[in-house]
Amino acid sequence: MADEVVLLDFWPSPFGMRIRITLAEKGIKYEYKEEDLRNKSPLLLQSNPVHKKIPVLIHNGKPICESLIAVQYIEDVWSNRNPLLPSDPYHRAQARFWADYVDKKVYDLGRKIWTSKGEEQEAAKKEFVEALKLLEEQLGDKTYFGGDNFGFVDIALVPFYTWFKAYETFGNFNIESECPKFIAWVKRCLQKESVSKSLPDPHKVYEFVVEIRKRIGIE
Amino acid sequence: MASEHEEEVRVLGKWASPFTHRVVLTLKLKGVAYKYFEEDFANKSDDLLKYNPVYKMVPVLIHNGNSLPESLVIVQYIDDTWTNNPLLPQDPYERALACFWLKTLDDKILPAVWNACWSDGRDKAVEEGLESLKILQEALNGKRFFGGETIGMVDIAASFIGYWVDILQEIEGLELLTIEKFPKLYKWSQEFVNHPVIKETLPPRDKLFAFFKASASKNKDSTA
Numbered sequence: 001m002a003d004e005v006v007l008l009d010f011w012p013s014p015f016g017m018r019i020r021i022t023l024a025e026k027g028i029k030y031e032y033k034e035e036d037l038r039n040k041s042p043l044l045l046q047s048n049p050v051h052k053k054i055p056v057l058i059h060n061g062k063p064i065c066e067s068l069i070a071v072q073y074i075e076d077v078w079s080n081r082n083p084l085l086p087s088d089p090y091h092r093a094q095a096r097f098w099a100d101y102v103d104k105k106v107y108d109l110g111r112k113i114w115t116s117k118g119e120e121q122e123a124a125k126k127e128f129v130e131a132l133k134l135l136e137e138q139l140g141d142k143t144y145f146g147g148d149n150f151g152f153v154d155i156a157l158v159p160f161y162t163w164f165k166a167y168e169t170f171g172n173f174n175i176e177s178e179c180p181k182f183i184a185w186v187k188r189c190l191q192k193e194s195v196s197k198s199l200p201d202p203h204k205v206y207e208f209v210v211e212i213r214k215r216i217g218i219e
Numbered sequence: 001m002a003s004e005h006e007e008e009v010r011v012l013g014k015w016a017s018p019f020t021h022r023v024v025l026t027l028k029l030k031g032v033a034y035k036y037f038e039e040d041f042a043n044k045s046d047d048l049l050k051y052n053p054v055y056k057m058v059p060v061l062i063h064n065g066n067s068l069p070e071s072l073v074i075v076q077y078i079d080d081t082w083t084n085n086p087l088l089p090q091d092p093y094e095r096a097l098a099c100f101w102l103k104t105l106d107d108k109i110l111p112a113v114w115n116a117c118w119s120d121g122r123d124k125a126v127e128e129g130l131e132s133l134k135i136l137q138e139a140l141n142g143k144r145f146f147g148g149e150t151i152g153m154v155d156i157a158a159s160f161i162g163y164w165v166d167i168l169q170e171i172e173g174l175e176l177l178t179i180e181k182f183p184k185l186y187k188w189s190q191e192f193v194n195h196p197v198i199k200e201t202l203p204p205r206d207k208l209f210a211f212f213k214a215s216a217s218k219n220k221d222s223t224a
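One line per chain: the protein sequences are A and B, in this order. Note that full-length UniProt numbering numbers the first sequence so that position 45 is 45, with each residue one more than the last. Note that full-length UniProt numbering numbers the second sequence so that position 174 is 174, with each residue one more than the last.
It is worth saying that the hints were derived from the structure and are not from the lab. A few of these clues could be false.
On the chain B side, residues computed to face chain A include the following (Cβ under 10 Å) [what the hints assert, rightly or not]:
#	residue
1	Pro69
2	Val73
3	Ile74
4	Tyr77
5	Tyr93
6	Leu97
7	Pro111
8	Gly121
9	Asp123
10	Lys124
11	Asn141
12	Phe209
Below 30 Å or equal to it, Euclidean Cα-Cα: the simulated BS3-like pairs (lysine-lysine) are [claimed, not checked]:
#	chain 1	residue 1	chain 2	residue 2
13	A	Lys126	B	Lys181
14	A	Lys53	B	Lys124
15	B	Lys143	A	Lys62
16	B	Lys181	A	Lys53
17	A	Lys187	A	Lys142
Note that the Cβ used here is the ideal one computed from N, Cα and C, for glycine as well.
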């Protein structure tokens, strides 16, 4: 019985990228559907009626919403290939904690950096760098957050790298000079095909952000 | 008689917190013995700062020296570790749906309802609170509990709605979760508070009422 897997996504979304990477890691064939967020498809609205957001993974007609939940679902169903979560409950819980930390901090702070100015922006930059430094501490000397193997936290975090050029340009700072270990980890992740093929060019993301800023009237 | 395998389970919490309650309830449902320590936020313990350096909040679970913060991370860990009485569905899709509701509770529903409770009746806040309760009622989908015939993780996570909201709405003179507005969700809340294990874990109503009433007056004074 063939599995039918569809991903409703939007190319610059770091949340969508998480699912793309996971599907690639597991070698799962799927249909990618690009959504126009200003004109959401009936399929999207029907698949995610509560939040009306991408990404949505649809497996044999059944929708799974929220990127980290979709990643865990893929892990549960295709459990015999490339495990992405530790088998030990405590390490698994720690992975969930840090993925949740990424959700709480990285996206919101990053967004503040490219949408705000002055003191608000400075405060966001400071907190953002602190968050990356805390993540660097968690990484320690390991190759990946998952240890020797690329895993759940790596997947949760690496997509945000594609937005760094935008953050750096609008925030007027350099992330590599503040967090070199973080960037070294990003580079290791990018050597994996599942990652490099799933992430858009940061320059394209930057151009997208320039457009959005014009559209919402920043500057 | 010494057990072969010493389990030391400690919970750092605050008695009035629905997040602490999630952890306490889960441990009780699993039949796990634990020691409880009440945190004083005016004077955070060394243990709290050591075991939750990232957020410095409760609840925190410490199991044989390993610590975990964040109530939903803790509750899932307890379910993974003590596998009797599973609180999440076995089927991957049903499990993903349950996890979706856990996240939606924390990201959307609880904040909207909490804001509505403290909004002084401001229309928009109340409307968003009611909208969230409507979404939650739809998630119940006519079942007795979110977990089906028995309590599951989503029921545990929704304890704020099952018990706390009734107290807060009385303090503020609001009508959010009522039998008229949300008959099925209201019925669930009654099943929840009368469940034999759950009712032993709920903080006493009069104590919670006094606690939040005092908190409400303090907030009003500071914004006056």
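Against the structure, the hints come out as follows:
no., hint, verdict
1, Pro69, "holds (7 Å)"
2, Val73, "holds (5 Å)"
3, Ile74, "holds (8 Å)"
4, Tyr77, "holds (4 Å)"
5, Tyr93, "holds (6 Å)"
6, Leu97, "holds (8 Å)"
7, Pro111, "violated (13 Å)"
8, Gly121, "violated (26 Å)"
9, Asp123, "violated (22 Å)"
10, Lys124, "violated (19 Å)"
11, Asn141, "violated (13 Å)"
12, Phe209, "violated (31 Å)"
13, A:Lys126 to B:Lys181, "violated (45 Å)"
14, A:Lys53 to B:Lys124, "holds (22 Å)"
15, B:Lys143 to A:Lys62, "holds (20 Å)"
16, B:Lys181 to A:Lys53, "holds (28 Å)"
17, A:Lys187 to A:Lys142, "holds (14 Å)"
The structure does not agree with the numbered hints 7, 8, 9, 10, 11, 12, 13 stated previously, though it agrees with the rest.
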